[in-house]
Amino acid sequence: MKSLQESKNELADTTKQLEILSSGPFADGDLPTFAKKLEMSKQFPLKPKAVEIFQVNMGYMCNQTCAHCHVDAGPDRKEIMSKETMELCLSVLQKSSAHTLDLTGGAPEMNPNFRWFVEEAVKLGVNDIIVRSNLTIILANKKYHDLPEFFAKNRLHVVSSLPYYKKDKTDKQRGEGVFDKSICALQMLNEQGYGKTVSLKLDLVYNPAGAFLPGDQFGLEQNFKKALKQDFGIDFNNLFTITNMPISRFLEYLLRTNNYEDYMYTLVEAYNPAAVKNVMCTNTLSVGWDGFLYDCDFNQMLNLKVAGKTKHISEYDEKLLNEREIILSQHCYGCTAGAGSSCQGAVV
Amino acid sequence: MEKTYYDPSDLKKFGKIVEWDEELGNKFFEYYSAVFAEGALSAREKSLIALAVAHVIQCPYCIDAYTGDGLKRGISQEEMMEALHVGAAIRGGASLVHGVQMMNKYNKLSM
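Respectively, the protein sequence lines represent chains A and B. Residues in the first sequence are numbered consecutively from 1, following the numbering used here. Residues in the second sequence are numbered consecutively from 349, following the numbering used here.
To be clear, the hints were calculated from the coordinates, so they are not data collected in a lab. Hints may be right or wrong, so weigh each one.
Here are a few chain B residues that sit away from chain A, every Cβ distance over 12 Å (derived from the structure) [stated by the list, open to error]:
no.	residue
1	366
2	386
3	436
4	438
Mimicking PhoX-like on lysine-lysine, the simulated pairs with C-alpha atoms at most 25 Å apart in a straight line are [stated by the list, open to error]:
no.	chain 1	residue 1	chain 2	residue 2
5	B	394	A	169
6	B	361	B	351
7	B	361	A	36
8	A	225	B	361
9	A	166	A	226
10	A	123	A	83
11	A	36	B	360
12	A	172	B	420
Partial pick of chain A residues on the chain B-facing surface, computed with a CB cut under 8 Å [what the hints assert, rightly or not]:
no.	residue
13	166
14	208
15	210
16	214
17	215
18	219
19	220
20	223
Computed from a predicted structure; not experimentally measured. Heads up, the beta-carbon is just placed ideally off N, CA and C, and yes, glycines get one too.
One chain only, chain A, in its complex shape:
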């Protein structure tokens, strides 16, 4: 499977995606825009709190091409963060209020300077360093086989996607053979002590394999724990449920299967004003592979840079950034549906 960009799909153009997100029921007035909905619950404009999580996208290159990927990542994507930009990130981390560094991609491990960056961040004494690992990268090439040891040595917090505890649904979403490799990688992480203690945290991410919202996080976590332990002897700490955002490849899927409008209605109906105050854009700053700043990873993929004067890591000014308004579009309904959704799972 090729990325939208490589296959020259019109949705590779983010303006086209934004156009779709603002037309149809939102243009007809059948559904309120996200900004309007915030106004109705007296939560507009949406402003950030202090930066707690610095989420760095290390590049869009990935060994997998998942059907729902909001990054449109894949082996054919060549965008990758340079060492110079990483150095800028490290200098910002030194003076920022952020206590967590969240490394994402693509597959962040495929960046040739990934290990260097991690070791430098460890030296800085960053409290919590998260690596969002797709698991299969560990088995993709001999040079990655020692990643579990590297993660453990640096006390990284591993967060990994596993859409289901059974093969069929996982492979449908993430590609043929992904489930078996993911299980093997999880067992390798368990051997290092991951998921068995609180000091080596292994969290899993569940996102629905289709046009529906995730169910109760705790209930799903129980099912995952029971099935993975029983079938494969696997332990993990927490399960995060994440709602699929109607952007990029998942938007393409929704449109292709004629599910788009129903999905948007579902998101709007599930709007939960209590989730708004904890949405991740209020405490996270997303840094693109090229150093540009975004309110979240989803805005990054829609090329919606932060409002205000400091738009790049090279001109980082936390005080100014804390005063900005968060850029909104209708995809934001994905983070406020039901129990809410963030890179740390449900927020309510």
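Assemble chain B onto chain A, guided by the hints.
Chain B only, in chain A's frame:
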């Protein structure tokens, strides 16, 4: 007039039932929520029962609703189909067990 009796978008309007009789409508939805809450049976088990019943009573709205609910809860397609067969078996059995009545009547009337 609608060209079909069932419109999938009507499911979203179910809540409007209260507009014509607020008291009874609200009582129904309150009862409905209580029925599906966690209890001696889990909400997951109740969802599967609802899915099976939805097929037995052939309610297209309920089938849509509880297929979606099952997916949200991580219920697998095998579990859904097994629940459905329980409903189908009971429905089929209910037809077939009346055969005893037929046999009784036949025997009574026959020499």
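Hints, one by one, checked against the model:
| no. | hint | result |
| --- | --- | --- |
| 1 | 366 | holds, 16 Å |
| 2 | 386 | violated, 9 Å |
| 3 | 436 | holds, 23 Å |
| 4 | 438 | holds, 27 Å |
| 5 | B:394 - A:169 | holds, 23 Å |
| 6 | B:361 - B:351 | holds, 18 Å |
| 7 | B:361 - A:36 | holds, 22 Å |
| 8 | A:225 - B:361 | violated, 37 Å |
| 9 | A:166 - A:226 | holds, 12 Å |
| 10 | A:123 - A:83 | holds, 16 Å |
| 11 | A:36 - B:360 | holds, 21 Å |
| 12 | A:172 - B:420 | holds, 17 Å |
| 13 | 166 | holds, 7 Å |
| 14 | 208 | holds, 7 Å |
| 15 | 210 | holds, 6 Å |
| 16 | 214 | holds, 7 Å |
| 17 | 215 | holds, 4 Å |
| 18 | 219 | holds, 7 Å |
| 19 | 220 | holds, 5 Å |
| 20 | 223 | holds, 5 Å |
Comparing the model with each earlier hint shows violations of hints 2, 8; every other hint is respected.
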